[in-house]
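Protein sequence lines correspond, in order, to chains A and E.
With the first letter of the first sequence counted as 1, position 46 gets the number 46 in my numbering; the numbers rise by one all the way through.
Heads up, my numbering is the position in the second sequence plus 111, with the first residue counted as 1.
Pairs of lysine-lysine residues, derived as DSSO-like cross-links and limited to a Cα-Cα distance of at most 30 Å, are as follows:
| id | chain 1 | residue 1 | chain 2 | residue 2 |
| --- | --- | --- | --- | --- |
| 1 | A | Lys-1 | A | Lys-68 |
| 2 | A | Lys-1 | E | Lys-168 |
| 3 | A | Lys-54 | A | Lys-1 |
| 4 | A | Lys-54 | A | Lys-68 |
| 5 | E | Lys-168 | A | Lys-68 |
| 6 | A | Lys-55 | A | Lys-68 |
One side only, chain A facing chain E, incomplete, derived with CB under 8 Å:
| id | residue |
| --- | --- |
| 7 | Ser-30 |
| 8 | Ala-31 |
| 9 | His-33 |
| 10 | Gly-41 |
| 11 | Ile-43 |
| 12 | Met-48 |
| 13 | Ser-50 |
| 14 | Ile-86 |
| 15 | Arg-90 |
| 16 | Asn-97 |
| 17 | Lys-98 |
| 18 | Thr-103 |
The set of hints was computed from the structure by calculation and includes no laboratory data.
Where is the CB? At the ideal position from N, CA and C, for every residue including glycine.
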Amino acid sequence: KNEVEQSPQNLTAQEGEFITINCSYSVGISALHWLQQHPGGGIVSLFMLSSGKKKHGRLIATINIQEKHSSLHITASHPRDSAVYICAVRRGRGATNKLIFGTGTLLAVQP
Amino acid sequence: KAGVTQTPRYLIKTRGQQVTLSCSPISGHRSVSWYQQTPGQGLQFLFEYFSETQRNKGNFPGRFSGRQFSNSRSEMNVSTLELGDSALYLCASSSPPRTGEHSPLHFGNGTRLTVT
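Produce the complete structure using the sequences and hints provided.
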C-alpha cells in the first residue's frame with residue numbers, strides 16, 4: 001500500500017463545476033504540498049500546509065492532521081485548470097525529511 | 112527573479128554511458144532537491160542538498176549521485192546508464208528560513224533523458 005494515496009485518479013468536469021481532489025497518507029508528516037503539473041512537465045507548487053486551510057484565488061486546500069487527510073478544492077473550474085494535481089508529504093517531524101508523492105490526479109475540465 | 116533553470120532540456124544517451132544534469136536555483140535559495148519522474152513510478156525523491164551538504168537521499172542505487180557548489184548550483188550524475196533511467200529529472204529549490212521550518216518548492220522545467 002502506498003504511503004500517499006490520491007483519489008480520484010482521473011476526473012472529468014464541466015467548466016464551472018466545483019472540484020475536489022483527495023489525499024490520504026499513512027505516515028506522520030511535518031508538511032503537505034499540493035503541486036500542479038501541466039503537459040510538458042513543468043511543476044508549480046500550489047500550497048504547502050501543516051495545519052488548517054489555505055486559499056489562493058479559486059483554489060482552497062485543507063488538511064486534517066488527526067485524520068491524515070487533505071483536500072484540494074477548485075471553485076468555478078476552467079479548462080485552463082486541466083492538469084495533473086499531485087499531493088506530496090514531508091515524512092516525519094523534520095523539515096529536511098524527504099518528500100513522498102502521490103500518484104497524481106489527472107483533471108480535464110471541458111468547456 | 113529568474114526561476115529555476117535546468118540544463119539541458121533534452122538528452123539522448125546510450126546504455127552504459129554517463130550523464131550530468133545541471134540545476135541553477137533561484138537566487139538566494141540554498142536548498143536544491145532532485146526528483147525522477149517516470150510513467151510507471153511517478154515522482155520519486157532522489158536527493159536534497161543544502162549549503163553544499165547532502166541532507167537526504169532517496170532509495171536509488173549508487174549510480175545516482177549529486178553535488179552542490181558554493182553558489183548553490185547543483186549537478187546530478189548518473190553513471191552506467193540503463194534503459195530504465197529514461198525519465199524526466201526535475202530539480203527544485205527552496206529557501207528554508209530557519210532550521211526545522213518549511214518553505215515552498217520552486218521547480219525547474221526538467222531534463223528529459225532518453226536512454227537507448
